[in-house]
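Undergrad: Assemble the whole structure, with the sequences as input and the hints as a guide.
Letter by letter, the chains look like this.
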Amino acid sequence: MEIPEVKRVSAIKKDYLARLAKEKKRPDGRSADEYRPIKIERNIIKKAEGSARVKIGNTMVLAGIKLEVGEPYPDSPEEGAMTTSAELPPLASPEFEPGPPTPDAIELARVVDRGIRESKYIPFDKLCIEPGEKVWIVFIDLHVLDYDGNLFDACSLAASAALQNTIIPNERYGLGENKPLPVGSPPVSCTFVKYENFIVVDPCLEEEQIAQARFTVALDKNGDIRAMQKGLRGSFTIDEIKNIIKRAQIHAKKIRKLLGEGNGKENQKS
Amino acid sequence: MEIPEVKRVSAIKKDYLARLAKEKKRPDGRSADEYRPIKIERNIIKKAEGSARVKIGNTMVLAGIKLEVGEPYPDSPEEGAMTTSAELPPLASPEFEPGPPTPDAIELARVVDRGIRESKYIPFDKLCIEPGEKVWIVFIDLHVLDYDGNLFDACSLAASAALQNTIIPNERYGLGENKPLPVGSPPVSCTFVKYENFIVVDPCLEEEQIAQARFTVALDKNGDIRAMQKGLRGSFTIDEIKNIIKRAQIHAKKIRKLLGEGNGKENQKS
Amino acid sequence: MEIPEVKRVSAIKKDYLARLAKEKKRPDGRSADEYRPIKIERNIIKKAEGSARVKIGNTMVLAGIKLEVGEPYPDSPEEGAMTTSAELPPLASPEFEPGPPTPDAIELARVVDRGIRESKYIPFDKLCIEPGEKVWIVFIDLHVLDYDGNLFDACSLAASAALQNTIIPNERYGLGENKPLPVGSPPVSCTFVKYENFIVVDPCLEEEQIAQARFTVALDKNGDIRAMQKGLRGSFTIDEIKNIIKRAQIHAKKIRKLLGEGNGKENQKS
Amino acid sequence: MLIKDGIRIDGRKPDELRPIKIEAGVLYRADGSCYLEWGGNKIMAAVYGPREALPRHIQDPTKALVNARYSMASFSVEERKRPGPDRRSTEISKVTSEALESVIFTELFPRTTIDICIEVLDAEAGTRCAGITAAAVALADAGIPMRDIPVACAAGKVDGVVVLDLTSEEDKEGEADLPVAIAPRTEEILLLQMDGHLTYKEFEEALELAIKGCKQVAKLQRQALLNKYKTFEVK
Amino acid sequence: MLIKDGIRIDGRKPDELRPIKIEAGVLYRADGSCYLEWGGNKIMAAVYGPREALPRHIQDPTKALVNARYSMASFSVEERKRPGPDRRSTEISKVTSEALESVIFTELFPRTTIDICIEVLDAEAGTRCAGITAAAVALADAGIPMRDIPVACAAGKVDGVVVLDLTSEEDKEGEADLPVAIAPRTEEILLLQMDGHLTYKEFEEALELAIKGCKQVAKLQRQALLNKYKTFEVK
Amino acid sequence: MLIKDGIRIDGRKPDELRPIKIEAGVLYRADGSCYLEWGGNKIMAAVYGPREALPRHIQDPTKALVNARYSMASFSVEERKRPGPDRRSTEISKVTSEALESVIFTELFPRTTIDICIEVLDAEAGTRCAGITAAAVALADAGIPMRDIPVACAAGKVDGVVVLDLTSEEDKEGEADLPVAIAPRTEEILLLQMDGHLTYKEFEEALELAIKGCKQVAKLQRQALLNKYKTFEVK
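Protein chains in written order, with the working numbering: chain Y, 1 to 270; chain C, 1001 to 1270; chain V, 2001 to 2270; chain W, 3001 to 3235; chain X, 4001 to 4235; chain S, 5001 to 5235.
None of these hints come from the bench; they were simulated from the model. Please note that a few of the clues may not be correct.
[To be verified] As a list, the in silico PhoX-like pairs of lysine-lysine whose alpha-carbon atoms are at most 20 Å apart: (1) C:Lys-1246 / X:Lys-4201; (2) Y:Lys-221 / W:Lys-3081; (3) S:Lys-5219 / V:Lys-2120; (4) S:Lys-5201 / V:Lys-2242; (5) X:Lys-4201 / X:Lys-4021; (6) V:Lys-2024 / V:Lys-2039; (7) C:Lys-1257 / C:Lys-1242; (8) Y:Lys-246 / W:Lys-3201; (9) W:Lys-3081 / C:Lys-1046.
TA: Laid out in C-alpha cells, this is it:
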C-alpha cells in the first residue's frame, strides 16, 4: 500500500500548477503538445549485449540487454523468449527506496514489455538454437538514473534503441560468430497526463505529482495501436482518449525518426 | 509474533460468554455436543482436478486439488507424494492479512495433512508413473472464504470431499485417459475448545476468541485415532482428553455419512 | 541500516573504559597483547561430517561441516567447492534477532571464508568425483552460541578445527568407503580493535562496543598474509597497521599450536 | 478459424456476452461481498472498511486509501499457480485499485483504508473485468458511498472481427484484447488496457462495443443488489 | 523387526528412556540457559526476558508475550538443512510457545516479551520434547515465575507394542508417535500431538506411559537446577 | 604470463593506473552526484541527505547515519546478474559505509541519514575502489561537511610483481588483491581488505603503491569538483 505521490506536493505548488493549467500553461513553459529535448546514446555498456541511455529533459534511463541460452516455453518450442525488468533505484529519486520491485516498477516494466512484444519488434522465431531444447532469452533491464517524470516513454525508447544495437553472443556459448540481433520496426510510446482538465504530453515530475490520470499508447510504424495503459485514479472521457491517440500518432512519427526509422530504413532491418 | 486473538474481544462480551458457559450454554444456543449445519458441495471448480466447498455454519472453505507429474522422494521411489497448503486470505476475515502463510495457516495445513496421510486415504503406491523417475504429486490447497470458527474441521472435510471426486489428468501429460484418483476411507476430524471449564465441539468464532485450549482429533472408519493436535496456551486434564476422544467418535460417525461413508460404500472405493 | 552497537553502551561505562584505556588497561585486566583462554573441542556433532566447538573466554561458537555432491563451477570443472555461512541466532545475544543474515553475519562468514580459501587449506582439486559433473561441495556453517566479542577469531578457529576432523561421506552417496577430508595447513586469524588510541588483541564485547576500528589478519604457517579486513568507521595509520600485523604473527604461532600445527605435523596431513 | 459464418466457437455472436450470474452479500464476515460467475470464471469479492489505516504512517489525513488485491487461487488455472502475488497480479491489483478509487468519495473517510479482496477461484479469460465488476457490487453492498457503480468488460479482435468478451482461446489466438472499465452513468473511462494490434478505426469500434457490454453487465449488477434487498423484505 | 524378545534395537525395554544429561546455566549472555543431551539429540536453550516488547504495537497491556523459537542447525541432520525456519519448525515453535506459556505467570509482566530460543545442534528423534524440556530448565534458570516446570516426553507404538521415547528408526518404521508435555505436579497436558494409528485403548496406554516418562525426566530437570545452585554454594 | 619485460598485458607499467574520467554533479534529482569511468568500469554515484531518518526508531540522537548502498546493474557483468543485493554487495556496502563515515562530521546532523547510492553500470575489476572514489565526489558535490575527501585504489601481486590497479584478468590470475581507501591529507587508512598471498615485505610494498595510486586519483577528484564550479562561473 503506497501513499499517493500527490500527498508530497505542497498545497501552494498545487494551486500554482492548477492556475497555470487553467491558462493552458505548463510549469516549464512548454505547450501541451511539446516533448522536452530527447537524447539517445547507444552502445555505452561494454558488458551488455546492447545498451542505450535516453534522456528526456532531466529524466535519464539506461537500458541494458543481456542474452542467455535457456529452455523455450513448452507451448512455443521453436521460439526465443523475453523478459523485461525495471529498477527504480534510490539513486534516481529521493522517493525511491531499495527493495524488491514496487507496483510502480512492475507496471512500468510490463507496459514497456507489451509494446515491444505486441509490435513483434523481436522476431522470436529467429531466436531458436535447438527446437524444444535451447533458445535465446532476451533480458531487457531498465535502470532509471534520474527521475523527472515520464518514465514510460523514456524506458520504452531506451529499450527500443538498445535492442537496435544488440549482439547475439554466439561466441560466449560456443555457437559460432557473434551476429546482430535481428529486429523489426520498433514500437513508439507516447504518454499523456491529465490535471485540471488539461491534457499534456511528456509530463515532467511536477505534473505527474498532481496528475489525476495518465495514458500511454504504443504505436507501430503505421500509426496502429499495439498497447495502451490508462493509469492513476482519475478518469478520461471517450473523446479525450480518442483525441490523445490522434495526438500520439503525430508525436510518434517524430520520435521514430530519432530511432533512424520512418525513412524506409525499417525495411532493411526486418 | 502475534497478538493473541483474545485481546480483540471486548471485556463485556467475554464476561457474557463466561456467564453463559457457567450455565453450559453457548452464544448461538447450541448444546455442547452440537455441530452447526454442515453442507458439502463438490466439483465446483472446473480448472481443478477435484474440488469441494464446505460450509459449517457461516464458516466456508474451498478445497481445490491439482495433480502434477514430479520426481519421487529418493527413499520412496515408487510412491506419489502430497503437499497441503492453507490460505487465510484477507477476504475471509478482517483479521487476516496478505503475505506468506502465518503460523496459524501452517499449523492448520499440517494438521489436515497428517489426518489424510496417517489414515492412508491416498494410496501413494498407486500414483507411480515410472519408478524412481515420475510420480503424481497431489496438491491440496485449502482456501478459506468466510471465517466463523472451526477451520480445522471445515478444511479437513473439504479436503476429504474434494479428493473423493478428483481426476488423474493423464491426458494433459499424454499418459492415456483421465481416470478417478483412487482413495481409501477418509479421516474425519473433530475439534473442541475449552473455555471456563466448558468443553464444546465445533467452536464458532466467538468461542475461539475466548478459548483457552483447543483439541483436534482425526478418526478413521473404525473410530481409531490417526492424528491429534492440542492447541492454544491452556491445558487439559487427562480425563478431559479421554472424554473428548469418546465424544469425537460419536460425531465422526455422523459426519462420515455426509461423505457417503459409514454404510459399506467405502469398500467399493478402495 | 543498523544502529551502531556503540549507541547501546551507557555514557558512564564508556567513560570508564576510556579512562582505563589511557592507562593501557583493559576492563578484564588483560594486557593489550593477551588472548582470553582458548578451548577447542572436536567431533561433537554426530550428524555433521566434521565439527568443533571453540571457546574464547565467554564467547562460544560451533562450526559444523557438511559435504554434499554437487555440480562444479563451469570454469573449474575438476574442482570441489566451498560455501561458508554464519548464523547469529537470538540465542547468543540479546541484540541478535531472528531473520535472514545481517550484514554483520555476512561479513563474518566472508572473512572466515577468505582466510580458508586463500590459504588453500582445502585442496579443491582432490574433491572431484567426476570431472565436469560431480564434485564435493563443502558447507561450513558457523553457529554462534554465546557472544562476548571476537567472533572473527572464534569462527575462523572453529572452522579450521572442524575441517581437521571432517569425513568425506562416500558411503552415503554409494561412492565407496568414507575417508578423511584432506587438508593443508590452516590459516590463523588474529583480530584487534582500536579505542582511545589503544589497540588490543582479542576484544571482549565491552571493548567491541566502544571500538572505533577493527582489524583482522589471517596468516599462514610461514607468517605470510592470506587475508585482511579492516572494519568499523574509524581509521588506522599506516604504522598502526604494520604494527598490528607484526603482533599478529606472534599470536598466530601460539594459536597454531592449539590446532596441532607448528611442529611439523602439517606435513603429514597434506 | 475462430469465427465461422459470423458465429464464434462457443456459439456466440460477435457482440454477445458469455452467461453471467451475480450474487451480492454472500459472505458473513465481510462488510460487503459478491459472488460472480462469468463464462468459466468464478470470482469472490469482499470489502472491508472504511477502517483505520495501520500502521499510522500510511494514513492520508485528506482521504481514505483504496487498496484492491487481486489474487488467483492456486487451483484456478490449468497448471497449478504458486500461492502469493506475481507480477501480473500486482499490476492488476494496481489498475483495479485506481479504477475503483475513481468513483469512491474517499475524502469522506480520512485516515482510513478501504480494502477490496478479489479472489479468482476458477479462471477462464477476462478475470480482471470480472473482478472489477464483482468488487463494485461488493463496494455497493458494503454501503461505501460512490458516485456510480463501476463495471468492466473487454472487447477484442478475432479473425479480423471486433468481438465482445473474449474466451481463453480467442484471447490466445486472437489479434487484440481491450479490457475497459467505466462509470456507466457518465461513460467515463476508469480503466483501459490493450495489447495486440488495432487500427485507430478498429479501436473506436472495439471501445464502443466494450462500453455497450459494460452497460449490459451494469444491469446485472443492479439486479443483484436489488435481489439482495428484496431478500431482506421477504424476511 | 524392531522389537525382539521384548528388547528394542538399541537394547532398551519398552518403557525405558534413552540416556539424558541436563546442565543448567551454561551460557554467559542469556538470562537463563540449558544444555541437554537426550539420546543422540544435543539441544541448547536460552531465555531472554521479560524485556520490553518491540515494536510497541505488539505489546499486550495485560501480560507478557511468550515467544519460543525452535530452530535446527543446518548440520544437525543427515542431509544439510537450509538455514531459516521451515513449515515444520514454524509449527513446533507455535505449539512450544503455547505449552510453555501455560505455566508462566505472564500477567506479572505486562507489555514485555519472554523470548525462548531452542537450537537443535544434533538431532535424533524427539527433538520437540527435548527442546521443551531444555527450554523449561532455561526458564527456571532465568528466574521466570512459573506455577510448575514443564516437561515433555513421547510414547509411541512399534511392532504393535506401546513404547516410550522413540529412536529415529522406531519413529520412521513404527506405527505411531505421541509427544506429550505436562505440568508434572498436576499432570495437566500442555502439549499433545499424534500421528500414526492407535486404537483408543492403545492411546490410553501410550498416554500413561508418556506421562510416566515425563515424570522421570522431570527429576533430571530438578537435579540439573539443583546442581547449578550447588555450584554457587561451593564457590 | 601477465607481465612481459616489465609491461602488463594492457600495456601499463606496474605502477600505472588505468585511464580515469570523473564528472561531478551529473544528476538533477540527487543532492550530489558523480559519474566515473575507470578502465572498463562505469559508475554512477548519488547522495541524498542529510534528511530525517525514518522510521524514527532508527534515529541516532547524537549523529547522522551513513548508509552506502553498492549495487551492480544486472547487465554490468558477463553473466547477467539477478537484481537485488547478494552477499558480496552487502559486504561492500558495509565496508564502504564505514570508510565514508570516517571523514563525515556526522555529529552535526543528529537524527538524520545520509544515503549514498553507488550503481555499477559496467564492471571490470576494482569496482569497490571506483565506487568509493565516486561516492566521495558525490558527497563533496552534495556539500556534506567532511574533514577530507576519501579516495580508493587497489594494489596487488601478479607474476610475483607488486602492481597497481588490477584488471579483471590480473585479479583472477594474479596472486593477491589489496583494495585500500585513505583520507589523502593524513594518509589514514579508511578501508583495507586483502585476499591472496603476500609476505609481510610484499604487503608493505603493495600498501605504499596503493597509497601512491590513491593520491593520483585524489587529484582527479579535486579537478572534477573544480570543473563543476567553473561551469557555474561561466554561466
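Undergrad: Is the hinted pair Lys-3081 of chain W and Lys-1046 of chain C satisfied, with a Cα-Cα distance of at most 20 Å?
TA: Holds. Lys-3081 of chain W to Lys-1046 of chain C sits at ~15 Å (cutoff 20 Å).
Undergrad: Decide if the proposed pair is consistent with the structure: Lys-246 of chain Y and Lys-3201 of chain W, CA atoms, cutoff 20 Å inclusive.
TA: holds, 11 Å
Undergrad: Decide if the proposed pair is consistent with the structure: Lys-5219 of chain S and Lys-2120 of chain V, CA atoms, cutoff 20 Å inclusive.
TA: Status violated; Cα separation ~39 Å.
Undergrad: Regarding the pair Lys-5201 of chain S and Lys-2242 of chain V, is the alpha-carbon distance no greater than 20 Å?
TA: holds, 10 Å
Undergrad: Run the distance test for Lys-1246 of chain C versus Lys-4201 of chain X: straight-line Cα separation, threshold 20 Å.
TA: The hint holds at about 11 Å.
Undergrad: Is the hinted pair Lys-4201 of chain X and Lys-4021 of chain X satisfied, with a Cα-Cα distance of at most 20 Å?
TA: It is violated: about 33 Å lies between the C-alpha atoms, which goes past 20 Å.
Undergrad: Between Lys-221 of chain Y and Lys-3081 of chain W, is the straight-line Cα distance small enough, at 20 Å or below?
TA: violated, 37 Å
Undergrad: Mind checking the alpha carbons of Lys-1257 of chain C and Lys-1242 of chain C for me, to see if they're no more than 20 Å apart?
TA: Distance of about 24 Å is beyond 20 Å: violated.
Undergrad: Is the Cα-Cα distance between Lys-2024 of chain V and Lys-2039 of chain V 20 Å or less?
TA: Cα-Cα ~26 Å, so violated.
Taken one by one, the earlier hints fail for this structure at numbers 2, 3, 5, 6 and 7, listed in ascending order.
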